[in-house]
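**Q** Please model the entire structure based on the sequences and the hints provided.
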Amino acid sequence: MSTTIFITGGARSGKSRLAERLAEGFGAPLCYIATGEARDGEMAERIDRHRQRRGSAWQTVEEPLQLGEAIRERDGRCRAILVDCITLWITNLLFHHDAVEPVLVEVRTLAELLPTLQTPLILVSNEVGMGIVPENALARSFRDLAGHTNQILAEASDEVYVTISGIPVKLK
Amino acid sequence: MSTTIFITGGARSGKSRLAERLAEGFGAPLCYIATGEARDGEMAERIDRHRQRRGSAWQTVEEPLQLGEAIRERDGRCRAILVDCITLWITNLLFHHDAVEPVLVEVRTLAELLPTLQTPLILVSNEVGMGIVPENALARSFRDLAGHTNQILAEASDEVYVTISGIPVKLK
Amino acid sequence: MSTTIFITGGARSGKSRLAERLAEGFGAPLCYIATGEARDGEMAERIDRHRQRRGSAWQTVEEPLQLGEAIRERDGRCRAILVDCITLWITNLLFHHDAVEPVLVEVRTLAELLPTLQTPLILVSNEVGMGIVPENALARSFRDLAGHTNQILAEASDEVYVTISGIPVKLK
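Protein chains in written order, with numbering that gives the first Met the number 0: chain F, 0 to 171; chain E, 0 to 171; chain V, 0 to 171.
You can trust all of the hints, since none of them are fake.
Given that identical chains are not distinguished, each listed pair holds provided it fits within a single copy or across any two copies.
Derived pair list, reagent style EDC-like, types lysine to aspartate or glutamate, alpha-carbon separation capped at 20 Å: (1) 171 to 154; (2) 169 to 23; (3) 169 to 154; (4) 169 to 158; (5) 171 to 157; (6) 171 to 111.
No lab work stands behind these hints, which were simulated from the structure alone.
**A** Structure representation (C-alpha cells):
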C-alpha cells in the first residue's frame with residue numbers, strides 16, 4: 000500500500016511546484032497526468048510552461064476524463080504519479096455528464112482506488128470556495144462540487160497540504 | 000462562563016460537520032439554530048440535507064434575524080447551541096437594514112452576549128474574502144462586512160477553527 | 000541586513016492591523032507607504048480610516064508606482080517601513096504597463112531590493128486566488144499575477160503570515 004498526497008491552494012500559490020518537488024523525491028521515472036487539454040491558447044501556454052519546468056525524468060500523458068484508468072495503467076510502472084489537476088478533471092466531468100451527482104460518483108470511485116495503488120500518487124487540486132458566493136447558479140454548484148471533491152479526496156489521502164503564497168502548510 | 004467556538008472556512012469545506020461533531024461532544028439535548036430560511040428549492044434542499052444528517056439529539060429552530068434572542072432563550076436549556084451560519088444571518092440583516100453600520104452594531108451586540116452565556120455555543124461562519132475583488136459595489140461591501148464580522152466574533156470566541164478540504168485547523 | 004515581513008490574507012481579515020502592530024514593535028518614527036490613491040470616495044474613506052487608526056508615530060506617504068524608490072528613500076530614516084498594499088501596487092502597475100510581464104519584472108526588482116535594506120520592512124498583500132475562476136480573462140490574469148507576486152515576495156521575505164478572521168498564522 001502506497002502513499003497518496005493531496006495538495007490544494009489558490010491560483011498561482013505554488014501547488015504544482017510543491018507537487019513536482021515531492022514527486023521528484025521518489026526518484027525517476029515519474030509520470031505526469033495532465034487533466035487539462037490544450038484547447039485554447041491560454042491553456043496550451045500553461046501546459047507548455049509546466050512541461051518546460053519539468054525535466055527529462057517525466058513522462059506526460061493527457062487524460063481529461065478517464066483519470067482512474069490512467070492512474071491504474073501507470074501504477075507500478077514509475078516511481079510516482081502526479082495528477083494536475085483534480086479541479087480541471089471535475090470540470091471536464093461536469094461538462095461530460097451535465098449533472099453533479101455522476102461526477103461525485105466518479106470522485107468516490109477514485110477515492111476507493113487510492114488505497115489499492117502500489118505507486119505513490121500526488122493529487123493537485125484547487126481551493127475555489129473562499130470568495131464571494133457567485134450569482135450564477137452553475138458557478139455556485141461547481142464551487143460546492145469542488146469543495147465536496149476536495150473533502151472526499153483529502154480524507155482518502157495520507158498527507159494533505161495547502162499552499163499559501165508559495166509556502167506549503169501540512170494539514171495532515 | 001461557557002465556551003464559544005468559532006468555525007470559518009470555504010464552501011463545502013466541512014465547517015458544519017466539524018460544528019456538529021464538536022457539539023455532539025457536549026452530550027444531548029442539543030439546539031441547532033438555522034439562520035437560513037427555506038425560501039427557495041436550493042436552500043430548502045440544503046436545510047433538509049443538514050437536518051437528515053443530524054440525529055434525534057437535535058432540536059432545530061429557524062431564526063433569520065433575532066439571533067441573540069434565539070440564543071438567550073435556549074441558554075441553559077441544552078448541552079450546546081450551534082448556529083449555522085453567521086454569514087447568512089448578516090446577509091439577512093443587510094437586506095433588513097439596507098445599510099452596513101446597523102449590521103455591525105448587531106454583530107458587536109452578539110459578541111458582547113457571548114461571555115455571559117452558560118451553554119457552550121458553536122458559531123459557523125464562511126470565508127468569502129479570498130477571491131478576486133468583486134466588480135459589484137454591493138458584493139464588495141458585503142465581503143468587507145463578512146470579514147469584519149468574522150474578526151469581531153473570532154476575537155470574542157475562546158476557540159477558532161478554519162476548515163480546509165474537510166480538515167480542521169485550530170487557529171486559537 | 001534587516002528583516003522583511005510579508006503579510007497576506009483575505010478582505011478585512013486583519014492584515015493591516017497586524018502589520019501596524021508589528022511595525023510599532025520596532026519603535027518610532029515609523030513610515031507608512033500607501034500604494035492606493037484617494038481617487039474615489041470608497042478609497043478616500045478607507046485611507047482616512049487607516050490614517051485615523053495609526054498614531055502620531057507614523058509618517059504617511061502615497062506612492063502608487065515607484066515603490067522601490069519610495070522604500071529606498073526612507074531606508075535608514077525610520078524604525079520600520081510599512082507598505083499597504085502590494086496588491087494595489089501591482090494593480091496600478093498593470094494599468095500603467097497594460098501587460099503582465101513588465102509588472103513581474105518590477106516585482107522581481109523589488110524582491111532583489113529587500114536583502115539590501117537596513118530598516119525592517121513590512122509588506123501587506125492580499126489573497127485573491129481562492130474564489131471561483133473568474134469568467135473575465137483580465138480578472139483571471141490579474142489573479143494569476145497576484146498569486147505569482149505573493150510567491151516571489153514571500154520567498155524573499157524572512158517572515159510570512161496569513162491572517163484569517165483577524166488571527167495571524169505564521170507560515171515562515
